[in-house]
Structure formats: structure tokens, C-alpha cells
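Assemble the complex: chain A is given as a structure, and chains B and C must be docked to it using the hints.
Residue numbers (the numbering used here), protein chains in the order written: chain A, 1 to 228; chain B, 1 to 224; chain C, 1 to 235.
It should be emphasised that the hints constitute simulated quantities derived from the structure, not laboratory data.
The reader is advised that the hints may include incorrect statements.
Residues of chain C clear of chain B, computed beta-carbon distances all greater than 12 Å [what the hints assert, rightly or not]:
#1 Glu33
#2 Leu130
#3 Ser138
#4 Pro197
Some chain A residues near chain B, calculated using beta-carbon distances under 8 Å [stated by the list, open to error]:
#5 Val139
#6 Phe144
#7 Trp161
Glycine included, each C-beta is placed from N, C-alpha and C at the ideal position.
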Amino acid sequence: MKKLATISVVLVAALLGITSYLGLAVAPTEQTMGDVQRIFYYHVPSGWVAFLCFFINFVASAVYLWKRSAGSDALAAASAEVGVVFCTVLLITGPLWARPVWGIWWTWDARLTTTLVLWLIYVSYLVLRRFAAGGQTQVLAAAFAIFGFADVPIVYMSIRWFRTQHPSPVMGGGQNSGLDPAMAHVFLTNLAAFTLMGIVFLVLRYKLQMQEHALESAHAQAALKGVA
Amino acid sequence: MTTLTVTRATLMKDLRMEWRSKDAINSMLFFALLVVVIFSFAFNPTAEESRQIAGGLIWVAFLFAAVVALNQTWARELRNQVLDAYRVSPAPPNALFLAKTVGNFLFVIVLECLMAPLFVIFYELRSVGPVWQLIVVALLGTWALVVNGTFFAALSIRTRSREIMLPLILFPISIPALLGMVDATTSILTGEASPDFWVKMLTVYDVVFTAICLLLFETVLNAE
Amino acid sequence: MIATAPSLPPVIVLDNLVKFFGRFAAIREISAEFAAGRLYVVLGDNGAGKSTLLRIVAGLMEPSQGSFTLLGAKKVRDVAHRVGYMGHAPLLYDELSGMENLRYFAGLYGLQDDNVGRQAMLMVGLDPDLGRRVGQYSQGMRQRLSLARAVLHNPELMLLDEPFSNVDVHSAREMAAVLGRVRDQGKTIFVVTHQAPLMEGVADEFVYMAAGQIVDRQEVARKVAAAEPALRSAP
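Isolated chain A (complex conformation) (with noise of 0.2 Å):
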């Protein structure tokens, strides 16, 4: 187990190594951006996985509800940790682009709102889970799961409304209208690269969740033969 571990690290590792290259130094400046383009083949990639964990964690935290398994639950736990840093790689990607191309940090649209209002939802998932006492946590941080989740496209079409009644400032537009074929492959790849990691994180995490969970239950197991 830990050799495979090790052996997938190193290939992601070796692959986004691969991936960062093409993308800082290979693939075609951008005309009108210059090298600062560059920041969006960690940008979107980011953003996709932490919506891709986002909703694993869902689907996890309803299967949890239903069947009340240790790995649902290590699941959910795992991909709110992993998409989090995904998300706040996001956020903070987001305006270092922003700020050179459009002159601003940040704007309120649809797009960053929906963002920032998930990574606020999944945090305090978080922390939830953290302050949850004892045994209730798994049960208490799905049911919040199942509200968070089902927030987001309230969310995403509040502001999207909001925003056609008082227009503000867009970024960034349609990342994928028009790119260039060279620069198309090089962000092909980075995506690939960055979901690798994805799964490589969120894989390692859910063991170690599992590791503690089957600790705890051999400690309890010991207690219930050990003593007299």
C-alpha cells in the first residue's frame, strides 16, 4: 500500500512537473494578456477539481444518511478537506489574474460569488466537523453537506439575477471560447495533470481517514474484550 502511495506521488508530481512546464514556458503567450495568461492553466483546472470534490462530497454525505458506512463518511470528510484547498487555490489565482488583465482584485459576479459562497459553506463544514461532539459528527456534518450542496445553484442564479438588474465588471469571459489549438492542448493536459492530483489527495486522505476510523474501532474492540 504505502509503496503504491509513494509510486503515485512521484508520477503525479513528475507529470504536473511535466504539465507546468508546457504551460509556463511552452504554449503560446497570449496577445493580449501576455504571460500573465499563464496563472489560468492552474486557475480552471483548480476551480474543476474543487467542484468535482465538492460534489463527491454530496453524494457521499446522502449515501452516509442512508447507509451510515465509515468509508461514505471518511469520503465526505476526505473531499470537503480536499476541495477547500482546491477552492481557496481558486480564489487566490483568481485575482493575482485579475488584478494585471483588468485592473481590479475582485468583482461581484455570478461566477466569483458562487465561489467564494461555496468555500465559505464548505469551511464552516469544516469546522463543524471539528466542534461536533463525539460520535454525532458524521451525522450532523452530512445532513449540513446536503444543505450546502443544495444552496449552490440557488446561489449561483440569485446572483446571476442580481447582476443583469445592476451590471458590474466580468472576468475573464468564456475561458475556453476561442483558445488557441497549441494552447488548447497545453490546458488539456494541466487538467488532466491537476485531477490526477485531485484523486492522488483525495485517495490519501480517505485511507488515513479510514486508518483513524479503524484504529478508534480496535481500541474500542480491545475495550470491550480487554478489560476482565
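Then chains B and C, alone, in the frame of chain A:
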């Protein structure tokens, strides 16, 4: 012993108890008044500007007052562990949830009825749009805050630091509802836009989250 | 003449019941059967798992492993109207009067008649017309009202956790006698207590718990009414 009879009985019991400990009500009302006064000092607009920002101010003030009220909701049931008595009985859990939510709803509406006239006075507010629309938005918006608030308050009783947990988990989820309430109120006050979309959105929000709360409440109640 | 034990199904059947609190095993693989119509006194030191067991059987807590049936049902909710529970804490609203409390709880069981509450209060020796709020009751009065609440709906099975704590000896003896009379009507009662001597006159069986297990069960040779001597069967 249907859900309706138990809901009504529980609601009546809560209202009776609330009435008897009048100091709780009085301190809440005073707190609401303080919030309005402080906001008036912090934001001191002219009569024309006030219509633009009043929506936001009023709803943030309501939100803070509501959170203080919501934190009290389940406190009464935890004293003497009396919630156990409900849980061992055959009474349906959702009746308890509905009773608490309706009770909170009524309580927050009372607070709003106190705070709104004060806002009107301090900010010299006059609405361009029809007032009945404001009332509809207030009802939908208050339910949106209270239904999730009651659920999360129940959730937070099983956590440490429960006073901070409630706003922490409630606020992010409530953002779209808050946006809706604020923008709808502003639209009506200024008469510059129609609040129709927001009314629809708030209705959808209320329906969706009330359904989710009713689905999950029993699970959360019995998480021990 | 009433027939008990052999013909009636057991009221509680525990099957390898386990309860963990984190790493602590509060209940450790308990398997047992309890017959109907008897008064069981559960004894043991603090931490033995008595209250935990009662809470699980009452449906307030899920077991970590194992299962149990209650009055023939796998889910406690299905038979909730036939079970009464009294906890460590009073389970009462301080801001309401005695009758107001009982009226509300009776409503939870679908009982709208005030007489139910009045009878319950009289049975435990309290005045139904007392308008005082429960918050101003003495400890003993609160315990009695708590018992009244638990038996309000005339349950077949009563689970009472320390009903005599903070009650004066005289009242405690009266309550024990009341429980005996209730058992004589065919109900099953479990009493968790530290005060074994109090129950000696009315108990059918002492159940000893230690470290999350039942370590001993002793039938009590109680003075029964002359009509019933042949009915007590061996465990």
C-alpha cells in the same frame, strides 16, 4: 395525536413559557432597539440616499436580532434534559420542528414590527413602491432565515461553542436569501425595479429548504 | 389468578448489545431476556452502564453493535406509547405548573383528558391543583412529578433511572410501594437505583451490573399474595 395537534400544543406551551419569562422578551426587544440606534449612528444618510441603503441595513439588523433569538430556541429544551421526554414519546419529531420554527417566526416578526417603524423614523423612509409588497418580502424572507436557523440551532446544540456555531453555519447558506430580501426591499423602496424575481426566488428557497429541514430533522434530533 | 412468565413473550430481549463512547465500552456484549410483569432492580457502581442501558432500551441512543427487541418490536418508536421513561434529570419544564407539564406530555401520547394528569399526580402524592411552577418545587416534589410524567400514559413497560435520588426515606418508601402496586397490575418495571434496601419488599429480581456487563441476577423470595405462589418460575 397528529402532527398538527402536537405542533399546536408545543407552540402553545412555548408561547406560554415565553410569556411567563417576560425578561427574555424584554431584553430581546431592547436589543432590537439598540441595533437600530447603533445602525443609525453608523450610517447617517440623507433622505434620498436612505432608500438605497435601507434595504441592506434593515435586513442585516433583522439578521442579528434573529440570531440572538434563535440561540435561545432549544436552550429551554436542554434544561432538565426535557427534550428526552419528547423523544421517548410517540410524538412525531417534525411536529417539534414546526412548532419551534413557527414560534421563532412569530417572535422575529414581532421584533421586525418594532424595528421597522424605528428605521422609518430615523431614516425618514418613504416607500415609492406599495407597502404590501414589503410585507410579502418580509414574510418570505423571515421564514427563510428562521427555518434554516431553527434547524441549525438544533444541530448546534450537539456541538461545542454553540453560540458561535449557529451564525457560522447559518450565514453562508442564507446568503442568497439575504441578497433576495435586500434587493427586493430596495427595489420596492426606490420603485426602480420589480421585485417579482426575488419573490419567486425566495419562495423557491423557502420551499426547498423547508423540505430539506423536514426530511433531515428526525436524523439530527436523534443524533446522540 | 394471573399467569405470568411462561405464556407471555419476554418484554425485552438483548442480543450482544454493545455501546461505545469513543474508545470507552460502556456496554459490553450484553445478551439477556427479561420476562413481563416483574419489577427488576438494576444495581451497580457508577460507570457500570446502568443508565446507558436504560437509555438504549428507551430508544434515546442507538447501540454501537448488536440489537434488541422491546415488547416484540425491533424499533422502539413503534411501541413508544407503551413505554415510560424517567431519567436522571427531571425532564420537566420549570416555568410551568405540575398540571401544565402533565397536560402537555399527555398530549404527546394523544391523551387530551385532564384526569389522566390529575390521577398521576395523586398517585405520587402531589396536589393537582397546586399552581406553583415546577422550578419552585422541592427536589422531592420534582422527583415525584417526574415519575408521574413517566407513568402518565399507563405504559406496560417502565424504565426508571434513579427515581429515589434526593427523596426523603418516607416518600421513597411510599413510591416503592406504588411501584409494587403498579407491577401487581401486570406492568413490567425496571428501576435503576443505588438504594437496594428500599426495594427489597417489592422487587422480583435484582440485576447486578459491572463494567458494562450483567454479572449476576438474583430472584427475590418476596412475600407474594397467597393466590400466586406457584407462578414464579426459575430464570
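Evaluation of the provided hints:
no. : hint   : verdict
1   : Glu33  : holds, 22 Å
2   : Leu130 : holds, 16 Å
3   : Ser138 : holds, 15 Å
4   : Pro197 : holds, 28 Å
5   : Val139 : holds, 4 Å
6   : Phe144 : holds, 6 Å
7   : Trp161 : holds, 5 Å
Hint violations for this structure: none, all hints satisfied.
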